[in-house]
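**Student:** Okay, here's what each chain looks like letter by letter:
There are 2 protein chains.
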Amino acid sequence: MNKNKKLPLGSTIGILGGGQLGRMLSIAASQLGFKTHIFDPNPKAPAKQVTNLSSTYSYENKSALEEFANNVDVITFEFENIPLETIHICDKLKNVFPNAKSLSTCQDRVIEKSFLNTLKLPTAPFVEAKSDDEILKSLNSLAPPLILKRTRLGYDGKGQEIVYSEQEIVNIASKFNKIPVILEKLIDFKLEISIIICRDIVGNISAFDPAENLHQNGILVESRVPASIPFSLASDAVLISSKIVNALEYVGVMGVEFFVTRNNKLLVNELAPRVHNSGHWTQSGCLINQFEQHIRAITGWPIGNGQRHSNVLMRNVLGPAVNMLPNDCAGSTHIYGKDDPREGRKMGHTNVIS
Amino acid sequence: MNKNKKLPLGSTIGILGGGQLGRMLSIAASQLGFKTHIFDPNPKAPAKQVTNLSSTYSYENKSALEEFANNVDVITFEFENIPLETIHICDKLKNVFPNAKSLSTCQDRVIEKSFLNTLKLPTAPFVEAKSDDEILKSLNSLAPPLILKRTRLGYDGKGQEIVYSEQEIVNIASKFNKIPVILEKLIDFKLEISIIICRDIVGNISAFDPAENLHQNGILVESRVPASIPFSLASDAVLISSKIVNALEYVGVMGVEFFVTRNNKLLVNELAPRVHNSGHWTQSGCLINQFEQHIRAITGWPIGNGQRHSNVLMRNVLGPAVNMLPNDCAGSTHIYGKDDPREGRKMGHTNVIS
Numbered sequence: 003m004n005k006n007k008k009l010p011l012g013s014t015i016g017i018l019g020g021g022q023l024g025r026m027l028s029i030a031a032s033q034l035g036f037k038t039h040i041f042d043p044n045p046k047a048p049a050k051q052v053t054n055l056s057s058t059y060s061y062e063n064k065s066a067l068e069e070f071a072n073n074v075d076v077i078t079f080e081f082e083n084i085p086l087e088t089i090h091i092c093d094k095l096k097n098v099f100p101n102a103k104s105l106s107t108c109q110d111r112v113i114e115k116s117f118l119n120t121l122k123l124p125t126a127p128f129v130e131a132k133s134d135d136e137i138l139k140s141l142n143s144l145a146p147p148l149i150l151k152r153t154r155l156g157y158d159g160k161g162q163e164i165v166y167s168e169q170e171i172v173n174i175a176s177k178f179n180k181i182p183v184i185l186e187k188l189i190d191f192k193l194e195i196s197i198i199i200c201r202d203i204v205g206n207i208s209a210f211d212p213a214e215n216l217h218q219n220g221i222l223v224e225s226r227v228p229a230s231i232p233f234s235l236a237s238d239a240v241l242i243s244s245k246i247v248n249a250l251e252y253v254g255v256m257g258v259e260f261f262v263t264r265n266n267k268l269l270v271n272e273l274a275p276r277v278h279n280s281g282h283w284t285q286s287g288c289l290i291n292q293f294e295q296h297i298r299a300i301t302g303w304p305i306g307n308g309q310r311h312s313n314v315l316m317r318n319v320l321g322p323a324v325n326m327l328p329n330d331c332a333g334s335t336h337i338y339g340k341d342d343p344r345e346g347r348k349m350g351h352t353n354v355i356s
Numbered sequence: 003m004n005k006n007k008k009l010p011l012g013s014t015i016g017i018l019g020g021g022q023l024g025r026m027l028s029i030a031a032s033q034l035g036f037k038t039h040i041f042d043p044n045p046k047a048p049a050k051q052v053t054n055l056s057s058t059y060s061y062e063n064k065s066a067l068e069e070f071a072n073n074v075d076v077i078t079f080e081f082e083n084i085p086l087e088t089i090h091i092c093d094k095l096k097n098v099f100p101n102a103k104s105l106s107t108c109q110d111r112v113i114e115k116s117f118l119n120t121l122k123l124p125t126a127p128f129v130e131a132k133s134d135d136e137i138l139k140s141l142n143s144l145a146p147p148l149i150l151k152r153t154r155l156g157y158d159g160k161g162q163e164i165v166y167s168e169q170e171i172v173n174i175a176s177k178f179n180k181i182p183v184i185l186e187k188l189i190d191f192k193l194e195i196s197i198i199i200c201r202d203i204v205g206n207i208s209a210f211d212p213a214e215n216l217h218q219n220g221i222l223v224e225s226r227v228p229a230s231i232p233f234s235l236a237s238d239a240v241l242i243s244s245k246i247v248n249a250l251e252y253v254g255v256m257g258v259e260f261f262v263t264r265n266n267k268l269l270v271n272e273l274a275p276r277v278h279n280s281g282h283w284t285q286s287g288c289l290i291n292q293f294e295q296h297i298r299a300i301t302g303w304p305i306g307n308g309q310r311h312s313n314v315l316m317r318n319v320l321g322p323a324v325n326m327l328p329n330d331c332a333g334s335t336h337i338y339g340k341d342d343p344r345e346g347r348k349m350g351h352t353n354v355i356s
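Chains as they are written, first to last, in the working numbering: chain A, 3 to 356; chain B, 3 to 356.
None of these hints come from the bench; they were simulated from the model.
Among the clues, some could well be false.
A pair counts as met if it fits within one copy or between any two copies, since identical chains are not told apart.
Derived DSS-like pairs: lysine-lysine, alpha-carbon spacing no greater than 30 Å straight-line [claimed, not checked]:
no.	residue 1	residue 2
1	K37	K348
2	K7	K46
3	K348	K8
4	K37	K180
5	K96	K46
Isolated chain A (complex conformation) (with noise of 0.2 Å):
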């Protein structure tokens, strides 16, 4: 396949993932006259309301996935926890982007970081434990307070754990027998922040203005665009970003975040490989947001500008706090489209500017 093919007008746009994400791409995608297919198990995955072509079988499905790879014209994932496999079954018959080296990197913590020190780029210092016994052992060379997590499948905080002392430690250990985990030296951050990059199929990068993130229990509460960051460490960050997607030989939008230590070091905390939760203020901070520039970038179009027009505040909706959205939504709402308000989970977005 040609990998720096331009895609024509209306080609059609393969996604796999149907969540708020794959919806929002949809949508994207959409508004550049492509169509596109979702392909999600989920019979009532969200992004499946936006287009009139999708699939509903498992990840797994070898003949599902070569139906669907010979019915788009390029290929492109909304999440990073989609076996891998899937993406080389899909990448036998047409261009899939990110590409299958990025999406192994960043699947797994020790892989990400590993290839991060790799390029010398700074993260928090971390051992690697593949048993209860090795994760006691990591205490001759790691000293809490210690953050563990799963080194796979993790997401919005789940299957990561604190420790303060030792004693914490011992205590939790057997939690995760045999289950592989990272620990990571737990930062004391003055703040978070992301960038959200773009590379294109010719090497070209964009970015978007850092954003500020605030996290709770583990989840994206807000973003806050400019972040309160001098401008030299918001270039750094670009230009670290920029070094990580062009190692990968990556394309399409990449979410970076980082911690902007007490003295301002920045540290990369960990990479999305896809469009991200702290780059949806793009939506109403930019001429083309984060969803058009990843579609821009896989079909070989030209990427935009990354300039910012306004600032913006962007607050996540959780669990049943969409309901009062329709008495109050003076700010850009966006919905997406779940039926289950459940505690905690992601129901939509509000982005307001000044």
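Once you've looked at the hints, dock chain B against the given chain A.
**Tutor:** The following block gives chain B in isolation, referenced to the frame of chain A:
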């Protein structure tokens, strides 16, 4: 039916007409978490690509319309040439916004202008003529230059003729035999502007800034905001538009076109009871655009502030020019998903901000 009902989250909006306006309305509805159902006799109507619910029947098919109305929670339309009877079938079962009275007023140029004059709003002088004989008689009350327009079913300058002399009218009259026309004094205007105004279910009104519009061969080519008019004219245009939507008990977005005469007077040219091409700039210039505003109004949600955050130049992309867009799309790009880019057809638009 309760006319003031606030629709719950995830309700379904029925849209009559599946062209680009229906498509962008559907996308805006999706953003707010609503489902949409597109009714259009054309199986390839572009809006059908952006939802999983659609019906393909004639606008005269009563039972199909009744089934459609029964399956949705509120109904709107994307164009004023929809048969009035279609609306009457639907509004027996569900609220239709804008109402039938607004539609019937705007469907006929004579009724529309008479309505405006009843409100004491200024229009070009006009005479109605129902036959070629009456066209000739009109010369007794109105001197050329004149513009002849079919009273019904015209759009984008189709069904119009400009005549500069009595002889030209004599020559042309037979062309309109038995077709009712309106003869309007041709206005030597300085510029054309439009107001996109929205009135909600409880009567709140919100208007966007006036756009300055450039037409070529009767087709809108570009809209520019801010318009080069004094503030007093802009606020007069908003007040006139408010009077119109209040008089019609209108719900939703309306486009009101004006001439600005050489001596800085406003004349109302035309009403469009729907979202309007000259309001596409709001997608890039405002936090809440005309499509979201319309959906908020017809669902009983609070309508948004129409404040402009950026200056915008909107350009329509007509006919085969759409094929060039993938090479040069620095602006925010909208492509409508039509498969036949014939000369002069509206295929997309771009917004550039400053």
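**Student:** Run every hint past the structure and note whether it holds.
**Tutor:** Tested hints:
{"no.": "1", "hint": "K37 to K348", "result": "both (26 Å within a copy, 18 Å between copies)"}
{"no.": "2", "hint": "K7 to K46", "result": "between (33 Å within a copy, 27 Å between copies)"}
{"no.": "3", "hint": "K348 to K8", "result": "between (34 Å within a copy, 23 Å between copies)"}
{"no.": "4", "hint": "K37 to K180", "result": "neither (44 Å within a copy, 44 Å between copies)"}
{"no.": "5", "hint": "K96 to K46", "result": "both (26 Å within a copy, 26 Å between copies)"}
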